[in-house]
Amino acid sequence: DTAVSQTPKYLVTQMGNDKSIKCEQNLGHDTMYWYKQDSKKFLKIMFSYNNKELIINETVPNRFSPKSPDKAHLNLHINSLELGDSAVYFCASSQGVLSGNTIYFGEGSWLTVV
Amino acid sequence: EDQVTQSPEALRLQEGESSSLNCSYTVSGLRGLFWYRQDPGKGPEFLFTLYSAGEEKEKERLKATLTKKESFLHITAPKPEDSATYLCAVQAPGYSSASKIIFGSGTRLSIRP
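If you read the protein sequences in the order shown, they are chains L and S.
Sequential numbering from -10 applies to the first sequence in this note's numbering.
Sequential numbering from 46 applies to the second sequence in this note's numbering.
Honestly, the hints are just simulated from the structure, not real lab data.
Even glycine gets a Cβ: it sits at the ideal position worked out from N, Cα and C.
Treat the hints with care, since some could be wrong.
Each pair of labels, with its calculated beta carbon distance range [unchecked claim]: (1) S:GLU54 x L:ASN46: 30 to 40 Å; (2) L:TYR(-1) x S:ASP47: 30 to 40 Å; (3) S:GLU105 x L:LYS33: 25 to 35 Å.
A few chain S residues that face chain L, going by a derived Cβ cut-off under 10 Å, partial list only [claimed, not checked]: (4) PHE79; (5) GLY88; (6) PHE91; (7) ALA134; (8) SER150.
So that you can see chain L by itself, here it is in the shape it has in the complex (with noise of 0.2 Å):
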């Protein structure tokens, strides 16, 4: 069983589409977040929810919008795509916000923005 699920895995769309990733963990986690791999394989936090309540909000482009429908459930819905959001966005989950928690990442979805 993947304990951090994603989908879609690939998606090419063109400029000022509107799409969605969903994220799904079975690991009983209350926190789950969305982490942005740009090309030089930087890992960089956008969101994060504790029990489907916003804790983080990094400086991202507010046509950034994640729902969490319940503790299980992250998505990221993107509005307006822009070329420069071609990358790869990794759902992740982790056992509360506690320093040194670990988290555990999905396998990432690669968005191609044409």
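Based on these hints, arrange chain S on the given structure of chain L.
Using the frame of chain L, we list chain S on its own:
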């Protein structure tokens, strides 16, 4: 500014040739240092967490060590299946602990048979 720097960017070794990867960090009040392995087309896979200087952890051919300024990932007698990108991340104090996890850009390790 909190920062994580990994070196080298890429490392090619012969099978059985031991070596070390470096992760240097500048952060006030380290809460934890993490090592992850990332295979092409996959998400990062957790390896180790280190909390304080002097701590060491081992898993198969890998051993992670921590000082006040850097961490090393030692790989002993590597095999081709150890080829991957190894990511280091540090957790610093922030308004929420989860917010201040900073990743390095990784070391691409390639082991030739």
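Just pull the numbers of the violated hints for me, sorted ascending.
Of the numbered hints, all hold.
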